[in-house]
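Engineer: One letter stands for each residue in the lines below.
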Amino acid sequence: ADDGGTQAGGTSEAEQGSNDEAGDTVVIGFSAPAADHGWMASITESAREAADAYEDVDLRIAEGTNDVNLQISQVETFINDGVDAIVLLPFDGAAMTPVALQAMEAGIPVINVDREFEDPNAARVTVLGDNYGMGVSAGSYICSELGDNPDAVVAEIAGIDSLPLTQDRSQGFEDALGECGLDVDNRVPADFTPEGGERAASNLLQAAPQIDAVWNHDDDQGVGVLAAFENAGRDEFFMVGGAGSANAMRSIQADDSVLKATVVYPSTQGADGIMMARLLVQQKALGDLVEVEVPREVQLYAPVVTADNVEQFIDTAFES
Amino acid sequence: MAATPEGAPLLQMSGIVKEFPGVRALDGVDLDVRAGEVHCLLGQNGAGKSTLIKVLSASYRPDAGTIAIDGAETTLSTPAVAMKHGISTIYQELDLVADLSVAENIFLGHELSRGGFSQRQRAHRTTRELLTRLGHAHVSPTRAVGTLSPAEQQIVSMARALSHDTRLLILDEPSAVLDQDGVANLFRVIRGLTAEGVAVVYISHRLEEIREIGDRITVLKDGATVATGLDAATTPTADLIKLMTGRSIEYVFPPRSSTPRSRTDPVLEVRGLALAGVFSGVDLTVHAGEIVGLAGLVGAGRSEIIETLYGARRASAGTVTVDGRKLRRGSVPAAVKAGVGLCPEERKSQGLLLDQAVYRNITVSVMGRFARLGLLDERAERRTATELTTSLDVRPAGVDRAVRTLSGGNQQKIVLARWLLRECRVLLLDEPTRGVDVGARSEIYALVRRLADSGVAVVVVSSEVEEVLGLADRVLVVREGAVVHESAADEIDESRVLDLVMEGAPA
Amino acid sequence: MSDDTEVSPGRGLPATAVPVSPTDPTTGGPGGERPARGRLGGLGGSGLVRNLGLVLALVILCVVGLVTTGERFGSTANLLTILRLAAVTGVISIGMTFVITGGGIDLSVGAVMALSSVWCTTLATQTMARDTHWIVMVGAALAVGAACGLISGLLVSYGKVVPFIATLAMLASARGLAEIISQRRTQIVDVPGFTDFFGAEVVGVPVIVIMFALVAAIGWVVFNRTTFGRRTLAVGGNPEAARLAGINVQRHTVLLYVQLGVLCGVAALMIISRTSTGTSTHGTLIELDVIAAVVIGGTLLAGGRGTIVGTVIGVLIFTTLTNVFTLNNRSTSEQALLKGVIIVAAVLLQQRFAARSKSP
Amino acid sequence: MSDDTEVSPGRGLPATAVPVSPTDPTTGGPGGERPARGRLGGLGGSGLVRNLGLVLALVILCVVGLVTTGERFGSTANLLTILRLAAVTGVISIGMTFVITGGGIDLSVGAVMALSSVWCTTLATQTMARDTHWIVMVGAALAVGAACGLISGLLVSYGKVVPFIATLAMLASARGLAEIISQRRTQIVDVPGFTDFFGAEVVGVPVIVIMFALVAAIGWVVFNRTTFGRRTLAVGGNPEAARLAGINVQRHTVLLYVQLGVLCGVAALMIISRTSTGTSTHGTLIELDVIAAVVIGGTLLAGGRGTIVGTVIGVLIFTTLTNVFTLNNRSTSEQALLKGVIIVAAVLLQQRFAARSKSP
Ligand SMILES: Nc1ncnc2c1ncn2[C@@H]1O[C@H](COP(=O)(O)OP(=O)(O)OP(=O)(O)O)[C@@H](O)[C@H]1O
Ligand SMILES: Nc1ncnc2c1ncn2[C@@H]1O[C@H](COP(=O)(O)OP(=O)(O)OP(=O)(O)O)[C@@H](O)[C@H]1O
Ligand SMILES: [Mg+2]
Ligand SMILES: [Mg+2]
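Protein chains in written order, with my numbering: chain V, 4 to 323; chain L, 2 to 508; chain X, 7 to 366; chain C, 7 to 366.
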């Protein structure tokens, strides 16, 4: 198994060197989509906590929104304000590219988090989760569990279908399943909420009378999904989660449900973004690297958490 | 049957003042009503009659003045309190809930119920009894009120008033929607009530009704009492009119034109017009410059005839031709294009944009005339509207106030003004003078006649036989959806029309 | 309340009144010419007959479900799934039918449900529930709902704020408050009695389905058979007439919003038991589903006309639609596209029938 | 249309008509006692005076902005940011004011905007635009908007489907179609002329802000000074009376939805230029913002009364609120909570003023 060393990215990792010493105050603008599910809420929360940990960071958090028009205007406001850096988790990466470019042209470094811009010049640093990789991880795990049984029924409970990230995850999942001759037999989208998960799962159970494995994209909606399974008394299959909430990990640890694994999609990206921004503005470098500059791109790893390695991850998992 | 004058009057209002933004609707009104009498309230449109009775029924709170019931001063804070005092009101604008049934409307607010559950059987039974006693047993208690004719709705209001323990019954222009037969029935009910000691406040613009039913008269002018306690039977009409309007008006119809109109070309020709289930086989020819009157009982289908003719309802058979061109069935725009105009029967639901300014209501169907490239010349609109409202004596005079704030009669004048302004080949008037006071009536008659003289073909529907006979050149009598008689207006008299109208009708 | 006053009919009427034939040939059903504003045909009171078109739409939907997915659709389990899904929206829709019929609207239902679910699953409430009885949680949920409804109602009736704006403000505030209280965490329920009760089944029927049926039945009775229901129609149809008839229109309006708030609390209990969580995201956008179900059922958005049966069918149509789509494994986009077409088709169908049942 | 027949005004009037003084002292604003149904006070026509309360709310908001964030709020750049943000919602809100005043509602605006943005940024359209002229894209966007509006309008006016349902169906279908066409991918615009034109500034003012101003100005003139605006008021206020007055109510209703559709197309162009993308997620939930702005501006949701000035102020209030929040660094939850409170406060303020300006 790979070493998941970089994924944690929490404050504990950046202990050494002089990076933590206070420098000039850095004003950082932060904008993210609406915190309408646990993972996104935790992104914003972790950003705030990271900022609070440094007395030289002045964080300005804009209202979370799923309206690109509003998010653009938030970035414009940051530009007008002359902040030192902008950490941006765009609702739609492509749609936010022009305004990010505008910020870069105005001399404000943009740290792009999670959903990638269209133009590499629109961000100084990109902190990426790996949505495609997440699907691949989930798919590979299911392949390894089901072995060579091409007749096995695999179901997928996706997130919000119209988001590019959902498509990337599904694509990765499909591709990985294809490697072992499986495919997705039933697929229902939910909406990243427990309620939506419950609704989708209830219908899914009716659509598929017999299932072998389920991948649920999001542990927050997973709470509802598990409730639906329990309500229906169905447990002939195992489920793989997504995102890696603390709840899910505790459940895996206790082995008290069909949830046997989850694919981590770090919610600490927001915090990573803030740290990058601070280092950039204060012209420091990542302590552990030889590089004197903050790197252009950091792609986070999407490891699979099972009962075997849950200990390692549970502390950095987000509470949803 | 004059009431006994001894003791405190049942109701004593004094110095009542009520102000609306920009208008002092009541400016110190005094009124006393005794048990068992019919007290008539007279006054021009906008004099404040309806406002006064709304104060009495606690729909409005007065700004000043006192109200005493049985000699004891009382504050009427909500309509429910007024009802507790035995005050029941039939408002000028019928205030019923269209989608509720007859029985539900009658018992609205004081439902027959046990533990919150409606006792529908009991309500229906009681409703049937009430309606039977009002002479309208044919109205079903379960029917939605919105489907009733205005006259039938009036009966429902009446039944509602009687379902309370009434000591004072207020009737605001009840006869406006009734025909002779209906009025006679109403008077029979009123007499029965007064015989039991119920006091009645009666408002009407028809002086002959006052004479027939009234005991005493109070006259309002510009929100103040100008005379009170007049004897309804003996006070000369000229005096009453003088008191109301401040001038003397001779109440006459304009002279008919001497040349016989049938010589000119027919403008409107209706052949075999029918509306399934309501009327059939209606033929009608109107020549340029001619006024044709449709007489008949309420519910005879006269409104339906002209609404169908106008395309507002889809005819099931027959043709309508204007100036030789056939109109498309069931299309108002087609009729309008051909130069037909309809002044509808119900001003509130069919005629007015209540929240819009007076001038906009007047010009709404002739907007194109004031527009260049779609841009409106509001000053010209206001000017024209002002001319019309002045000649119709609309009060208050401003054309910028919302129509909602006008009195009932003045609202009617606005509806009419719109159609007088309109360049029409054919003008259809449905109850044009409903609720209009004596002063404005002769002005309206003169205007209609002048329009006819300029070559317009006019059709007038009215429940007042006198009006039909006086205004029209030719009269058609409609009964149960069929034209039963047609003749020149001067070849027939009122009693003959009434006979024709009643023949075979119930009661 | 003077409801029970004994009335002597026609007091003081002349005994000579001419009796007319008691059976009336002209009595037609409700209907008649109404303003041309778009509408769903003359859906008056309640009853399956008036909603024939809608019932037919639902039946067609079921037939499509049966044909395309075989007994998977028709199985008891699936039907119960549909009903369970319908329950949450359904309960709120019943309350919304009253509010809309009474001339109002409430956009805050989803947010109030979320706040209610959060409040009744806080650590404090759960601890108290475990220490005493799980009924504490029920009380908390209903009380929060009622309080929100009360505020909305007071704003609308005494503050004279248009319902759309007042309840939109309530939506924003309630969700904000829910987020603050829960700190945007999903709160897991761990009160055994609670979960056992609401998760139970009675002769195979889940408790929440029974709750939905109960609410619908009570709603129907209140709407059609009580003074409260009649007054709601009057207040929505002609508030001025209602006022003049002595009805306290403002108090009635407040009551309308309060009952909807309470039902949002009930819905919160249902969603808590279904998902075993309380969170500020519960009920996001449910207001649109609810209003759509009510309106498609035949309740007039302008007030004054409503039907509980129609609302229930409306809710079932929407849930069944989603279920059939899922069983058929369609993509979300196709679902959306088709959904629009099907909704319009259902309404047009309903209109045909309404028109036919009206003609003589 | 016979409206244009040349007629001498006042034809057939008595020559003796007494001219009344042209200025009338009793002229008050419209208003007076109304049914108790919640409302925003007697907001009649247009003009700043009638909207004094709203203007005041906006001013207070600006003062709060200035006090809490200093010149950061008052800078030209920030004001332009507010206006740019307001432009998209604003353009649609102007069109919505007409539809709501005319007695309808349109929930599909966001979806139509999305479909329009997707259609006009497909590979095919972009290729054609590059080969010929970028105006092709403009044509595509407007045509798609108009077509959607036409369908909604026909459903409402001739199909007699209630506007809420008809446009909800359009919402679902348009978004579904947009997703299918774009295959849920965000489509990047690469037509230099297009981006240059819409991204440009004229004497420091961005083109899309100018477009918004233009649409608002034209909207005001049409609403208040043309027969179209007048008819809209009539159709919404009393459709039956409008019909009997000879207005082709059905055709007018269709036109209302078509103009809104076209403005959704305009909004699509604006959002494309702002984001340089077309996607099926554009304008999600914008319908609520739009309707809220229109209603808070004083347009009656029931139809028959509307104001363009009020709508513009309504849009500005909402966008300024967001801006001030962003500058003040509040948490999203607090923002939501406060937003509700502020909206209600603004409405109550407006009511005070409306009431005062009505009294003599
Ligand atoms: N709600 C209102 N707002 C403003 N002014 C009003 C309102 N209601 C009535 N008025 C005004 O008060 C005056 C009296 O009106 P009222 O309705 O009492 O007259 P009326 O005597 O009943 O006339 P009519 O015979 O035409 O019914 C009129 O000038 C009218 O314009
Ligand atoms: N919308 C409707 N639905 C059902 N029946 C109706 C409707 N409108 C009118 N009617 C019935 O049609 C008949 C004719 O009504 P209407 O009042 O129009 O006759 P009318 O001769 O014009 O009387 P009026 O003197 O009131 O003008 C009545 O029996 C009435 O109840
Ligand atoms: Mg009056
Ligand atoms: Mg009639």
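No lab work stands behind these hints, which were simulated from the structure alone. Small disclaimer: the values here were computed from a predicted structure and weren't measured. Some hints could be false.
Below, in silico cross-link-like pairs of lysine-lysine (BS3-like), each with a Cα-Cα straight-line distance of 30 Å or less [what the hints assert, rightly or not]:
1. L:LYS327 to C:LYS166
2. C:LYS166 to L:LYS349
3. X:LYS166 to L:LYS349
Engineer: Could you work out which earlier hints the structure fails to respect and list their numbers in ascending sequence?
Structural biologist: As far as the earlier hints go, not one is violated by this structure.
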